[in-house]
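Student: On the provided structure of chain G, position chain H as indicated by the hints.
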Amino acid sequence: MKEEKMENTTVCILDDEAIVGDRLKPELEDDGYEVEVFTDSASALARVNETCFDIFITDLKMEGVDGMGFLERVKEKCPDSEVIVITGYATMETARESLIKGAYDFIAKPFRIGEIKAAVKKAKKKTRRRRQG
Amino acid sequence: MQYLGKAFAALKNIFRRGKENQAPFSDLFVWFQNILKKNNAAMELIADMGGKIGGEFIFDRKYLSDSVKKLEDLVRSSAYDLNYITDNQYLELYGVIEDLAKKLEIELSGKMVIHGAKKIYVLNEIEDGMEDLVGFKTYNLSRISNLSGVNIPESFAVTVGGFRDYMAYNNLFEKIEGSIEECRNGQRSVESISNSIQLMILGGEIPPGLRRQILGAAERISQGKAGNCYFAIRSSGVGEDGDLSFAGLHDTFLNAPFDELLSNYKKVLASLYNQASLEYRLRMNILSLEMAMPVLYQRMVESRVSGVLFTLDPNRPDRQESLLSGSWGSGKVVVEGDAGVETFRISRSPPYPIMERQADATSLMPGSLEKDPLQEGSDEPDAGPCLTAKEVPAIMDVGLILERYFKRPLDVEWSIDESGRLWILQARQIHIPRPKRMDYTELKGVTEGHRILFKDRGMIAYRGIGAGPVWVVENDHDLNNFPRGGVLVSHYAPPWLAKVIPRASAIITDVGAVTGHMATVAREFRVPTIVGTDVATRLLASNQEVTVDTERNIVYEGLIQELIRHQLLDGPSFEMTREFQLLRRLLKKIAPLSLTDPDDPGFVPKGCQTFHDVMRFVHEKAFRALVQAGKDSRSFLRRGGKRLRSRLPLDLVLIDIGGGLAEGVDKEMYVDPDQITSLPMKALWKGLSSPDSWNTEPIPVDLKGLMSSLTRTQSAEMLGNALPSINLAVLGSNYLNLSLPLGYHFTAVDAAIGSSPENNTISFRFVGGVTDITRRSRRAALLATILEKAGFKVQMNGDLVIARAINLSEELMMDQLFLLGKLIGFARQLDVLLKNDEDVGYYFQKFREQAEKPAERHEGGKNGEHDGLYSG
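Heads up: the sequence lines are chains G and H, in that order.
Under this note's numbering, read the first sequence as residues 1 to 133, first letter to last.
Under this note's numbering, read the second sequence as residues 134 to 1005, first letter to last.
Isolated chain G, as found in the complex:
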C-alpha cells in the first residue's frame, strides 16, 4: 500500500536582509519543510492574515513593523504556531522580551545552519504534539 504523504510543516521566514531567506529556504526545504520567504513585515503580515504557518522565523530589527511587533501579531493570530527570533542585536534584554512575548527560541546572528535547523526541528515537534494532542 502506498504510504500516505504526511502534510509538510510550513515555515515563514521574515528578514529584511534577503540573504537570510535565500540561504535558509533551500536548507529547510532539504529537510522537507515548505518554506515562504519575506523581506518586509507588511507583506508577511498580509500572508499571515491568509494562513497560519506552523513555524515563523523572524528578525527583530526591521523597517516598519519590527520583529517584536510581528511576533505579537503572529501569536495573536496563530496561537498554535511557534516563533523563532533571530537577530544581530543579541542582548539579554531583547532575548528576555521576545521570550516573554511568546517566542519559542532566540538565536543570535550570525548562526550556524545546523543550529537553526535544530531549533526548527524542536519547534516542529512541539507544533505536532499540540496538533495531535
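Bear in mind the hints are in silico, worked out from the structure with no lab data behind them.
We treat Cβ as the ideally placed atom computed from N, Cα and C, and that holds for glycine.
Treat each hint with caution, since some may be false.
Stated by the list, open to error - Computed, partial: chain H to chain G, Cβ under 8 Å:
| id | residue |
| --- | --- |
| 1 | Glu189 |
| 2 | Phe190 |
| 3 | Ile191 |
| 4 | Lys195 |
| 5 | Tyr196 |
Said to hold, decoys possible - Cut-off 27 Å, straight-line C-alpha distance, at most; resulting in silico cross-link-like pairs (DSSO-like, lysine-lysine):
| id | chain 1 | residue 1 | chain 2 | residue 2 |
| --- | --- | --- | --- | --- |
| 6 | H | Lys195 | G | Lys61 |
| 7 | G | Lys126 | G | Lys25 |
| 8 | H | Lys195 | G | Lys25 |
Tutor: Leaving out everything else, chain H in the frame of chain G:
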C-alpha cells in the same frame, strides 16, 4: 583580573622609586597590556570573520558592517596607544588606517570602484568581486589562474573604465543614447540602428593613454618578440558567462598580430551593439546605456589541437558523462560548430573511459594517419586521430578540477600546443535547465544503501560535496603522490598540506582549527573541508572511495554520483551571494599579514596593507618602546626585572607585566624556573632547559671557546635593530615575548596562549650567525624544514627564518613552544656544524630523534597525541 590589578600596582610602586624622569616607564606596562588586549580582540574578530567564509554560517550585511566597525575602532585606538607611549613617533599610522578604512567603506557601500580604477589589469592583479570591472570571461580565468595544474596563456583585460574612456573620448554616449531609444520604441529597424552605432564606434579613436597602455601590456607579454607573438582578443562582457548567456553574441578575434591589436579592440567594442546582441538585450529587457564591454587580450597558443569540453552532457545530465570535442589547429572550428570535429562521450570517473566516439572525416588530417608515438605499445584504447590516449584524461582532469572549483558544469575551451602542454583558454558555466529540486525524500533515497562512515564530527571549514579515493597523508612521500581528486585525510592540519589542496576533492583532518592556515587555503580553493574530526585517520584508509558531504557533515562509503550531480545542478551556491563575495573582498583588506619581519625596511606604517599589518606593527613597536626604556640589564633589574637562576649559560632578565611570575617574588633579585607562571614561558623553558637541548653535540675544544663567547650578547648596532642587547623575556600570564641576542644571531619569540584557540598565536624569528652566509643559510633551511614539519607556516629569506602558528588548541600551542625551546638551544651552534649540504639531513634526523622523546614534553600528558608530528 584582580590579580593583574595588584601586580600593576606593585610594579608601579617599584618604578616610582626609579629616577624622576623615568616615571612614565611604569605606565608602559599598563599601556602595553592594553595594546595586547586590543590586539587579541582584533585577532579574534578577524578569525571570526574568516570562519564565516566556509559557508557554515548564515550572516548578513549588518554582521559585516558591524565587524568592520569594531575592528576599525580597535585599530584606531591601538594606534593612539602606540603614539601615546612613543611620544607620537608614528603619526602617519593614522593616515594609513584611514586609507584602509575608506577602502572598506567603499566595499561596504557596494559601489563599484570604476572611477579611479585601472584601465588595464593582468590576470593576477584581479581581485574578488571585480567581475563587473573586467567582465566575467576574464574574471573566471583570473579565479582559476592560480589553481595548480591549470595553465592559462598570459592575458590582460581592458576594463569597463577603458570602455568608458573610449566612449567619452569620442562623445559616443550622447550619440548612442538616441539610437537606443529608437530601438526600444521600434522606430527604426534593429539592423539599421545596429549598423549606425557600430560604424560610429569603429570610426572612433582610442584615447592616447589607453592606446599606450594596451600596447605596453602586450609588449610585456611578447617579451620583445612582437613579430612572433599573436593575440586572441575576446569580448569579456559584463554579465557574459555569468547569469545571462551571451555566448557567441560578441566577437572574438584570433591570431591578431601586433599591428591589429588596436583596430580589433574597436571591433570587439562595436560587437556590443551588433544586431544579435541588440535583439537579445531588447528581448531580455537589458538594453541600456549602462552596457559596457571589457576586452580580454590573451597570448595565442600555437595549437596542435584544440577544442571544447562540456564537463557534463547538457542534454543528458543524468548520465555521468562529459562531452569532449577536438580538432586540428586553433579552436574556432569547434566553437563555431563547423565541420572537421571529433567528439567523444567520456565517463566522468577516472580513468575516464571513452563511451562513444564520433569522428568527422575532415578531422583525419595529414599527420593523423601516422600512429602517435605515445600510443605505441599502449594497451589503453586509442583516443583518436587528433588526441592521444594520454591527452583525453589530462583534459578531463583539468576540466573536473575547474568544475569542482566553480561547483557548476562547465564549458571549457582548451588547446594543446606543439610541446604537448595543455592550456585553458576560457571556462564558463553551462546552463542546464534545473531539474525539479530533489526533495528530501528523494535525497534520502540517493544516499540509501551507502554506509555512513561517520557524521557530525569536527567543524566544517568549507561547505560542499566532494568524492574520491581517500589519501592519508603522513609524510612528504604521501604528499608527493597525492592523486588528483583524492580526499585528503591527515591527522594534523599543517600549512604544508597546502600544495595539494587545489587537487583535492575534499579534506578531512583529526585535529585543526577552522581558522587555521590550512583551512584558509582550503577556502581559497573552495574545497569541502572538515577539521577536528578526531577519527578520520583511524576510520579511513588510503584508496577507499568515499563521498564527503560537508553540508550535512556526513562521510559516506563509496561514490554517490547523484549527490555530486545534485550539487552541480542545484541553484546558485552560497559563494555566489553578494554577502559572501563582499566578505571575501573585505577579508583581503583585513586578514593577510605581510609585515612579518620587523627589521625589513618595509616594516613602516606605509607598509601596512591590511588591518592585521597595522596591529602587528603597533604590537612590535609598542614592545620595542617597552624594552627600550631600559638601556641594559641593570636598568631593568633596578625597576623590578628579575634574573633567572639556571644552569644554562644564559643571562636572562624577566619582566613581569602581570601574572607571569609567582606571587611573592617582588622583593627577590633572582627567581627560579619553577616560579615562572607565564603559560607560554613555562612551555618554552621546558624545551630550552631539557637535558639534550643546550648541548646536542660534542663540540671540538677550539670551538668551545668560541661557543662560550657566543652566548654573550651582541651589540644592538650589529644586529641592525634597536633592541637593548640583553636576553630579555617579557611575561604575562598568557603572554611571552622573548628576545635573545645570543652571540651573532638573534632569536625572538612572541606568543599568546590561552584557552580560546582564536587568540592563540606564536611567532618565531631567527636570524644571523657567525659564519659565512652559505652556512647560515644552510642552518636557516634546516630550521625551516623542522618548523614546517612541525606545522608552522614558514618564511625564509637568506639566513632569516620566520615561523608562525595560529589558532591551535592550548595544548598543541604549548607543544609548539616546547619544540621552539629545544630548537633555540639546538640551533645556536648549528651554523658552525653545518659544513656541507648533506649535514642538513643528518642534523634534521638528529633533532627529530631528540624532539620525539615524548616523556620530556608532558609529565603524564597525552603523549600519543604527538605521534606523527615528525613523521615527515
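Student: Hint by hint, note whether the structure agrees.
Tutor: Hints and how they fare:
no.	hint	verdict
1	Glu189	6 Å, holds
2	Phe190	4 Å, holds
3	Ile191	5 Å, holds
4	Lys195	5 Å, holds
5	Tyr196	5 Å, holds
6	H:Lys195 x G:Lys61	11 Å, holds
7	G:Lys126 x G:Lys25	21 Å, holds
8	H:Lys195 x G:Lys25	20 Å, holds
Figure legend: structure checked against the earlier numbered hints; every hint is met.
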